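Protein chains in written order, with this note's numbering: chain A, 2 to 376; chain B, 2 to 376; chain C, 2 to 376; chain D, 2 to 376; chain E, 2 to 376.
Since the hints were made in silico from the structure, they are not lab data.
Mixed in with the good hints, there may be bad ones.
A pair holds if it fits inside one copy or across any two, identical chains being indistinguishable in the list.
[Unchecked claim] List time: in silico EDC-like cross-link candidates among lysine to aspartate or glutamate, alpha-carbon distance up to 20 Å:
1) K230 to E282
2) K92 to D70
3) K148 to D70
4) K370 to D216
5) K116 to D272
6) K148 to E209
7) K224 to E305
8) K116 to D213
9) K230 to E286
10) K92 to D39
11) K148 to E286
12) K148 to D122
13) K224 to D213
14) K370 to D213
15) K92 to D269
16) K92 to D122
17) K92 to D55
Note that the structure is predicted; figures quoted are calculated from it, not measured.
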Amino acid sequence: MKMVKIPSAKRITGPLRHFLHHARRPPAGSAPGVITVDESSPSPSLSVVRYCADSHQSWSNVSVDQLADLLQGEGNLWVNVNGLGDAEVIKSIGALFALHPLVIADIVHLGQRAKVEPYDDYLFLVLRMLGAEESISHEQVSMVVGKRFVLTFQERDGDCFGMVRERLERGNGRIRSLGTDYLMYALVDAIVDGYFPPLEAIGSRLDELESDLLDKPMSPILKRLHVLKRELLVMRRAVWPLREMVNQCLRLEHEGLLGSHVRIYLRDCYDHTIQIMEMIETFRELASSQMELYVSTVGQRTNEIVKVLTMFASIFIPLTFIVGIYGMNFDPEGSPWNMPELGWYWGYPAVMGFMLAVTLVIVCYFWRKGWFHGN
Amino acid sequence: MKMVKIPSAKRITGPLRHFLHHARRPPAGSAPGVITVDESSPSPSLSVVRYCADSHQSWSNVSVDQLADLLQGEGNLWVNVNGLGDAEVIKSIGALFALHPLVIADIVHLGQRAKVEPYDDYLFLVLRMLGAEESISHEQVSMVVGKRFVLTFQERDGDCFGMVRERLERGNGRIRSLGTDYLMYALVDAIVDGYFPPLEAIGSRLDELESDLLDKPMSPILKRLHVLKRELLVMRRAVWPLREMVNQCLRLEHEGLLGSHVRIYLRDCYDHTIQIMEMIETFRELASSQMELYVSTVGQRTNEIVKVLTMFASIFIPLTFIVGIYGMNFDPEGSPWNMPELGWYWGYPAVMGFMLAVTLVIVCYFWRKGWFHGN
Amino acid sequence: MKMVKIPSAKRITGPLRHFLHHARRPPAGSAPGVITVDESSPSPSLSVVRYCADSHQSWSNVSVDQLADLLQGEGNLWVNVNGLGDAEVIKSIGALFALHPLVIADIVHLGQRAKVEPYDDYLFLVLRMLGAEESISHEQVSMVVGKRFVLTFQERDGDCFGMVRERLERGNGRIRSLGTDYLMYALVDAIVDGYFPPLEAIGSRLDELESDLLDKPMSPILKRLHVLKRELLVMRRAVWPLREMVNQCLRLEHEGLLGSHVRIYLRDCYDHTIQIMEMIETFRELASSQMELYVSTVGQRTNEIVKVLTMFASIFIPLTFIVGIYGMNFDPEGSPWNMPELGWYWGYPAVMGFMLAVTLVIVCYFWRKGWFHGN
Amino acid sequence: MKMVKIPSAKRITGPLRHFLHHARRPPAGSAPGVITVDESSPSPSLSVVRYCADSHQSWSNVSVDQLADLLQGEGNLWVNVNGLGDAEVIKSIGALFALHPLVIADIVHLGQRAKVEPYDDYLFLVLRMLGAEESISHEQVSMVVGKRFVLTFQERDGDCFGMVRERLERGNGRIRSLGTDYLMYALVDAIVDGYFPPLEAIGSRLDELESDLLDKPMSPILKRLHVLKRELLVMRRAVWPLREMVNQCLRLEHEGLLGSHVRIYLRDCYDHTIQIMEMIETFRELASSQMELYVSTVGQRTNEIVKVLTMFASIFIPLTFIVGIYGMNFDPEGSPWNMPELGWYWGYPAVMGFMLAVTLVIVCYFWRKGWFHGN
Amino acid sequence: MKMVKIPSAKRITGPLRHFLHHARRPPAGSAPGVITVDESSPSPSLSVVRYCADSHQSWSNVSVDQLADLLQGEGNLWVNVNGLGDAEVIKSIGALFALHPLVIADIVHLGQRAKVEPYDDYLFLVLRMLGAEESISHEQVSMVVGKRFVLTFQERDGDCFGMVRERLERGNGRIRSLGTDYLMYALVDAIVDGYFPPLEAIGSRLDELESDLLDKPMSPILKRLHVLKRELLVMRRAVWPLREMVNQCLRLEHEGLLGSHVRIYLRDCYDHTIQIMEMIETFRELASSQMELYVSTVGQRTNEIVKVLTMFASIFIPLTFIVGIYGMNFDPEGSPWNMPELGWYWGYPAVMGFMLAVTLVIVCYFWRKGWFHGN
């Protein structure tokens with residue numbers, strides 16, 4: 002297994018940064034086990050929890066050698082690795098648990114789709130975990146579930162496993178007495194349920210947009226809608242394979258590793274992924290409908306504005322022409338044909354009356370066209 | 002089973018309020034049986050009906066202890082619970098009927114999709130019931146169907162089970178003589194048929210919109226259309242899983258609980274869900290087509306308005322320029338070149354004639370372009 | 002089986018009248034066999050044909066009692082019922098042929114989807130028949146096919162079974178010698194083939210629209226296109242389940258009722274439903290494409306009109322300003338700076354020349370922008 | 002089998018003429034074997050080829066009686082019929098080969114979808130053949146493949162079987178030595194490959210449109226794009242069932258008629274139909290994308306034009322107003338308030354300077370709005 | 002097998018050049034084995050690698066005769082052919098390895114879809130290889146995998162097999178010790194991974210477009226977006242069948258040729274094709290969303306511009322009319338009705354005040370309409 006470190010070259014830094022999480026990967030044609038590490042990611046830090054029905058111990062900042070010692074003990078182990086910046090460490094962990102080279106490669110090469118792959122002695126799961134609620138960031142979580150251990154790999158610190166750790170510590174629930182498959186379910190469930198808060202935040206933003214649209218139809222919502230749609234796209238891309246993965250877990254036949262009692266809980270988890278999918282699809286349709294409403298409103302407003310312009314212009318431009326005529330300086334003395342009206346007794350009132358008549362005709366024309374009653 | 006009460010925090014209050022019925026749910030990573038109750042919902046009130054082929058009794062405002070007594074008697078029981086605001090009560094009901102913790106969680110955590118889950122001793126159904134005809138509101142109805150009892154849980158008072166209660170009371174139909182599976186069918190059927198009135202109300206509104214569009218093509222229908230489309234989205238989201246659920250019921254193999262004679266009735270019910278789906282899809286297409294017609298009409302009207310403006314402006318602006326020329330104050334005495342026309346004998350008539358000619362040329366130009374015959 | 006007559010309340014009367022054929026149905030929660038009759042529909046009128054290979058008799062305006070007598074005779078019976086306005090009559094016919102209550106309910110409650118349901122002694126079919134060619138109206142046709150009888154129920158007089166009646170009367174074809182299943186095929190085939198004429202009428206209208214669009218690109222086609230699309234939607238909604246139904250008939254295993262020789266003919270009928278589906282889909286795409294062409298054309302025309310306006314305005318507005326300057330009444334005697342040009346010898350020609358230059362500059366600007374050669 | 006001749010009534014003659022090839026068909030409800038002939042189509046002309054591995058004979062303008070004689074001979078027969086205008090001839094050919102009445106009806110009633118139907122003694126195929134490359138015309142080709150004969154029926158003269166006839170004549174290939182199933186493959190393959198040239202012609206036209214769009218963004222491409230899309234629709238409608246048909250042939254179990262060695266060749270043919278489908282779909286997407294680009298470009302150009310208009314108008318209209326003020330004829334002698342500026346020493350330059358300032362302010366305003374640098 | 006050389010006629014030279022890679026193919030109706038060579042493509046140049054676990058030899062510019070000699074030796078052979086311009090050479094290679102005529106035809110006739118076809122002694126694969134990163138060019142790669150040899154055919158020099166050649170030469174990996182199936186996997190994997198760099202380049206361009214759109218909403222992105230969408234269309238068209246092909250390989254039952262240990266690696270390769278598909282689909286959706294944002298922005302900007310125009314025009318055109326009135330030259334001495342205002346003491350200030358009032362009224366009107374606060 003050769004290791005290649007390629008420099009953290011031309012990364013995307015614009016608005017799609019969080020979106021286009023491209024995988025670091027070795028050049029095309031490399032042997033399948035070659036690992037490429039993203040140098041900018043933090044170096045691995047290990048924490049271990051050993052638990053059985055009536056005991057619970059935890060260590061943090063464990064070295065790989067210490068981990069090898071801990072493996073000898075009794076009880077189930079949960080080894081969590083934060084940071085994937087050092088290929089040597091990952092490789093030695095992989096060696097300790099006898100992982101297939103392709104598994105190690107998938108752990109290190111970020112940007113994988115969620116999937117579950119059964120191997121002889123362990124299950125390998127990849128998931129995508131949503132993080133902060135502000136802007137949708139996400140990281141890849143890889144999980145290796147053996148008979149007596151669960152290995153989790155995260156891109157960086159910070160996760161949504163806090164409650165699971167607490168339940169392990171408290172130890173009065175099912176989680177301590179049941180096997181590693183239940184811990185796996187608990188972790189997957191925590192990741193899945195972690196999709197709801199950002200999704201509900203998006204729902205609130207949609208709600209605000211809807212209010213704005215209905216009350217102030219021309220408010221500048223375009224960019225907000227576009228960003229929202231992009232985030233929904235990110236989430237959708239993460240959830241589709243997640244749903245598929247949970248479904249595969251449900252139907253997986255792997256004697257010894259996945260107990261039937263866990264399946265009931267996984268079914269519940271699967272329901273949640275479907276709920277998430279439906280919320281996303283509904284939000285997408287709502288966002289599309291709002292976009293459509295906005296565009297139609299803009300078109301209608303332009304129509305109204307042009308109508309105002311046309312009415313003003315159509316009434317006053319002819320009038321201006323008429324008064325312009327009588328502003329001409331033809332010499333009334335040079336010829337009796339040169340604007341004799343200017344000297345008439347009723348000349349000025351006649352012109353004013355004529356202009357009034359012209360105005361009425363034009364207004365009537367627009368009235369009959371229905372422009373005054375919004376038609 | 003731990004219980005957590007989280008405050009009824011940031012709820013959506015805008016136009017999507019009825020739409021984004023987000024589930025109250027415990028924080029991500031909690032144990033699967035933890036229940037979170039929405040404090041603002043009413044506390045449970047139980048009513049019980051005990052019936053067999055030749056007797057019928059009903060109690061309202063039953064306490065859980067009284068319910069335990071009633072369970073001892075003969076005949077089939079229908080226990081209806083309105084309001085889910087008190088987790089203790091729900092839990093003790095669950096204990097009375099030996100329900101799985103996940104079932105209790107699904108009952109309390111609103112916003113579930115319609116589904117049916119077979120357990121050993123009972124079926125668990127979740128449905129969505131449409132309420133008032135005005136604005137589409139809906140609530141979650143959970144149903145547990147045992148050999149000798151039917152449990153229904155509703156979010157609040159008010160349902161569409163009135164006719165079913167009446168039939169139970171009258172007791173001259175199939176409903177008293179057949180088992181709890183037929184009661185389940187009757188309740189599901191009542192919920193499904195409850196979709197038709199609001200759907201037909203939407204149909205009437207679509208019809209009015211269509212009339213408005215065809216008669217007064219520029220009437221302000223945008224918001225109405227948008228709201229209508231949103232309501233269709235709500236209904237569709239509720240009906241899709243409902244259809245699936247009824248279909249699953251049809252194919253369910255659960256000896257003892259679901260008799261084959263009920264399947265014929267369920268098939269009828271399934272037909273209704275398909276009819277509802279088709280009506281919704283058709284309404285959606287109609288609404289889209291109306292939106293398209295509206296947008297096209299606006300574009301065409303803008304075109305016509307701009308045409309009027311252009312013709313007025315193109316005719317009178319050059320004329321105004323011409324009369325402006327002869328309004329200049331060049332001193333005819335300063336030079337023979339300074340506007341000698343002003344002193345000519347035929348000056349004024351010549352200018353008027355020239356302007357007439359210009360007008361004719363421009364009008365001709367537009368005529369040839371076909372702007373007068375709407376082209 | 003209770004009967005409820007609800008008044009023919011708020012019916013849709015606008016343009017979607019023919020479209021939203023909502024079913025009369027009893028209130029939600031009613032027992033499944035309750036029948037609700039639309040009072041405005043005509044009362045049933047029965048006509049009976051009795052035929053076998055070498056004889057043919059027909060009666061019209063038969064009463065239910067007479068029908069009971071006719072049932073005793075030899076040969077196959079075709080009983081046709083026009084009008085569903087009297088529930089008692091329908092119920093007694095149902096009793097005569099021992100029909101399931103749900104079948105009777107489906108016959109009376111209009112707005113059903115096309116479907117086929119096998120019962121022990123008969124097949125129950127629902128179809129949708131297209132009527133006049135002018136505006137697409139349609140009615141529900143229910144069919145009960147027994148071993149020795151065919152029952153058909155129509156909403157009102159007028160159908161497309163004329164040729165079938167004639168063939169029965171002439172009696173030199175297969176229709177007299179083969180069983181009721183062949184008669185069923187003949188009737189279904191007549192209904193299916195009845196879709197072609199209105200479809201071809203729509204095709205002709207599309208053709209006219211296309212001609213108009215290509216020759217006179219701004220002709221007012223919006224409403225016509227919209228109405229056409231709506232009619233296609235109606236037909237599509239009717240044909241989809243029809244196709245499904247014929248396909249189900251093809252695969253139906255019902256010993257005794259459906260002979261294998263009829264299947265070859267049903268396959269031909271199935272081909273026709275697919276052809277109809279394809280025509281509808283193609284027409285829909287054509288209509289969409291025409292709508293798109295129209296909208297694009299309007300946008301392009303608006304562009305051209307605005308271009309004309311802009312060129313007129315941009316050339317003459319500056320010129321009008323210039324002549325306006327020399328229309329100002331500054332007193333040349335009050336100051337040597339007050340418009341001395343007015344008194345210059347070449348003043349007037351110089352201004353005219355300047356204005357010509359300005360015009361040329363502006364025209365050049367537009368020329369270089371390519372506005373003159375349609376770019 | 003009755004024959005009805007209905008007059009070649011209201012045919013579509015507009016731009017959709019080639020598109021809406023409606024089938025001549027008997028009135029709804031006719032017996033399934035009734036044939037309706039399109040009187041305007043040419044009367045049948047038969048040509049026959051008899052071949053075996055080492056001989057080849059061909060006749061043209063064969064009568065049905067001669068055909069009956071030729072049937073007696075050795076070797077395989079290929080009978081080609083051009084023109085379907087005489088029902089008697091078609092019927093007697095059908096009788097000669099013992100064809101099912103529905104087969105004869107499908108041969109005569111044009112506008113069928115491509116399909117393959119296995120009968121006991123023969124296969125019946127319907128295909129759609131594309132003709133000239135200019136405007137996409139097509140005709141229906143029906144094929145009956147028996148153990149020792151291949152019958153082909155075409156609407157009119159002119160086909161793409163030239164190369165097949167040549168190969169039969171040359172006789173050094175597989176086509177002479179293998180059976181009628183290989184001849185069937187050869188003919189189907191010729192028809193399928195005949196789709197490529199018109200498709201490539203469409204590709205070239207798309208290419209030209211693309212060039213025009215990118216170089217001269219406002220060129221009048223709407224109609225050309227629309228016609229192109231319509232032709233793609235025609236082809237797609239023809240190819241979808243063709244692909245299905247070839248696939249069905251591949252999986253057909255018909256002992257004796259379809260040898261396994263022909264299947265390898267049919268697989269190649271199937272690949273071609275998929276390639277055609279993909280080209281069509283890709284072209285459709287390209288055309289849509291071009292349409293979208295065009296519409297967006299028009300919108301953007303309108304925006305730019307309106308911007309020019311607005312800038313000209315917004316600068317010169319206020320200036321014209323200002324010079325208009327000083328063109329008023331208030332009598333300075335009537336009052337000291339009557340436009341004393343007109344008599345000031347610096348009056349004229351001050352007004353000119355004021356106007357310059359106004360112009361600068363307005364230009365600045367537009368500059369800050371970014372209208373000058375295309376924003 | 003006859004060979005026909007048709008001249009490299011009317012090729013597409015416009016912007017779709019790389020896109021519409023139409024296959025050279027013989028005229029419709031030709032015998033299936035006839036080969037048509039594109040004369041403009043380079044003539045074949047062969048290079049051979051012979052390897053086993055402990056040895057490695059390579060030759061370049063091998064003639065077909067030399068190849069026949071090399072075939073006699075021990076070890077696995079990889080024969081690579083660059084350029085397909087000489088049908089004789091391809092035919093003799095085909096004869097050497099006993100390839101089916103249809104395989105040779107598929108190798109030579111470019112524009113095939115990716116596919117895998119199992120033959121008795123070898124697998125035949127067709128793939129599409131992406132080349133340079135600048136503009137998406139691609140070429141067809143055909144692969145024949147036998148028990149002891151791998152044949153690859155490329156359209157021209159330049160490929161992404163460099164790393165594979167290196168790994169073969171270094172020889173310390175699996176590639177030397179495992180069979181030809183692993184070499185096949187390595188080559189397919191190299192081609193698949195070669196899709197990532199151009200895809201990521203497209204991602205970067207999308208990112209730039211997004212930045213431009215959000216910062217400078219009117220920047221000219223239309224053409225860039227259109228070109229990008231077209232390239233995505235090209236890639237999608239290439240990847241869909243590729244994914245299918247790898248999936249088929251995974252499920253292929255071909256004893257002796259495809260070892261089960263290779264399947265695990267192929268599964269990894271399949272994951273990559275799915276990742277590529279998802280990236281392409283996501284990019285397409287992003288591009289559509291950007292297009293929509295752009296079009297909406299243009300509409301909104303036009304609205305704003307028209308609003309500015311309307312406000313300027315509506316305020317100043319009436320004012321210009323008013324000052325025009327008092328510019329008329331009616332003779333105040335001819336009649337007391339002839340504009341006596343001109344001689345009034347407060348005439349001029351009164352007119353100025355009146356105009357101010359008119360302005361205020363109009364501004365108020367627009368204010369109340371909300372035009373000033375962007376509504």
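Do the hints match the structure? See the list:
1. K230 to E282: both (11 Å within a copy, 15 Å between copies)
2. K92 to D70: For K92 and D70, the Cα distance is within 20 Å only inside one copy (17 Å; across copies 45 Å).
3. K148 to D70: Close inside one copy (18 Å), not across copies (47 Å); limit 20 Å.
4. K370 to D216: Answer is between: at 14 Å across copies they meet the 20 Å cutoff, but 29 Å inside does not.
5. K116 to D272: Answer is both: 17 Å inside a copy and 9 Å across each meet the 20 Å cutoff.
6. K148 to E209: neither (49 Å within a copy, 48 Å between copies)
7. K224 to E305: Between copies only: 17 Å across, 24 Å inside.
8. K116 to D213: neither (40 Å within a copy, 35 Å between copies)
9. K230 to E286: both (10 Å within a copy, 10 Å between copies)
10. K92 to D39: within (15 Å within a copy, 48 Å between copies)
11. K148 to E286: neither (44 Å within a copy, 42 Å between copies)
12. K148 to D122: within (7 Å within a copy, 32 Å between copies)
13. K224 to D213: So K224 and D213 pass the 20 Å test inside a copy (14 Å) and across (12 Å) alike.
14. K370 to D213: between (33 Å within a copy, 17 Å between copies)
15. K92 to D269: between (35 Å within a copy, 19 Å between copies)
16. K92 to D122: For K92 and D122, the Cα distance is within 20 Å only inside one copy (18 Å; across copies 40 Å).
17. K92 to D55: Neither, since 33 Å and 28 Å both go past 20 Å.
Hints 6, 8, 11 and 17 from the list above are not met by this structure, while the remaining hints are.
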